[in-house]
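Peer 1: Next come the chains, spelled out residue by residue.
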Amino acid sequence: DSGVTQTPKHLITATGQRVTLRCSPRSGDLSVYWYQQSLDQGLQFLIQYYNGEERAKGNILERFSAQQFPDLHSELNLSSLELGDSALYFCASSRNSNNDGGEKLFFGSGTQLSVL
Amino acid sequence: AQRVTQPEKLLSVFKGAPVELKCNYSYSGSPELFWYVQYSRQRLQLLLRHISRESIKGFTADLNKGETSFHLKKPFAQEEDSAMYYCALGGSSNTGKLIFGQGTTLQVKP
Chain A
22 DSGVTQTPKH LITATGQRVT LRCSPRSGDL SVYWYQQSLD QGLQFLIQYY NGEERAKGNI
82 LERFSAQQFP DLHSELNLSS LELGDSALYF CASSRNSNND GGEKLFFGSG TQLSVL
Chain B
164 AQRVTQPEKL LSVFKGAPVE LKCNYSYSGS PELFWYVQYS RQRLQLLLRH ISRESIKGFT
224 ADLNKGETSF HLKKPFAQEE DSAMYYCALG GSSNTGKLIF GQGTTLQVKP
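Listed in order, the protein sequences are those of chains A and B. The number in this note's numbering is simply the position in the first sequence, starting from 1, with 21 added. The number in this note's numbering is simply the position in the second sequence, starting from 1, with 163 added.
In isolation and in its complexed conformation, chain A is listed as follows:
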């Protein structure tokens, strides 16, 4: 158990809908990262938050947004869902904001999103 908690584990919804994925980082970790894993794209970095502030942005669509709350949990909001958004969404956390010293990421077990 990495200590990173993601809910829900599975989500089935229809095209055009909006969903919210939730992530609680490990105790003491200030950074939260969101990744999308799909068969054709592999593991894609979406966005990082550090202590409530956006720190880095990757290949995140405009229909997607995220935030980190004062208690450090994070939510990823996906709207106007399309079939192609079906994927496994991982959250990860780390203590600091950067990789200095080889700081590693701890991953949650993911949310499997199916858009029908």
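I should point out that these hints are in silico values taken from the structure, not numbers from a laboratory. Predicted model only: the values in this text are computed from it and were never measured. Among the clues, some could well be false.
Not close to chain A: a few residues of chain B, all C-beta gaps over 12 Å, as computed [unchecked claim]: (1) Ser175; (2) Pro181; (3) Ser189; (4) Arg212; (5) Gly221; (6) Ser232; (7) His234; (8) Lys236; (9) Val271; (10) Pro273.
Computed spacing ranges between beta-carbons, pair by pair [claimed, not checked]: (11) B:Arg166 x A:Arg84: 21 to 29 Å; (12) B:Glu183 x A:Asp61: 22 to 30 Å; (13) B:Asn227 x A:Pro91: 38 to 46 Å; (14) B:Glu243 x A:Arg39: 39 to 47 Å; (15) B:Glu217 x A:Arg39: 42 to 50 Å; (16) B:Lys228 x A:Ile33: 45 to 53 Å.
C-beta: ideal position from N, C-alpha, C; glycine also.
Chain A is fixed; fit chain B onto it per the hints.
Peer 2: Positioned in the frame of chain A, the structure of chain B alone reads:
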């Protein structure tokens, strides 16, 4: 731009055979390299990182800056090594994000 290339999507070997999973990276700064493993669509787990120069479950990886490579090796593969392996690149002082390669599925046959 940061980029990680894992040229093999699938590597299939017999139990007891040596294994080498290739990873090449592109990065203008000072890289931090990692190998993560994912068993049967479970969460990703850190296998090893170059800065620790460690050997985990018999796996080792050496950072070769001249060849910009961080290949993962194990002298004798075991069936329980079957999994998806991701090479990942970090190194920016501004962000802790890791850029992952496409992953290599290692299949160890009995």
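Peer 1: Against which earlier hints does the structure fall short, listed by number upward?
Peer 2: 4
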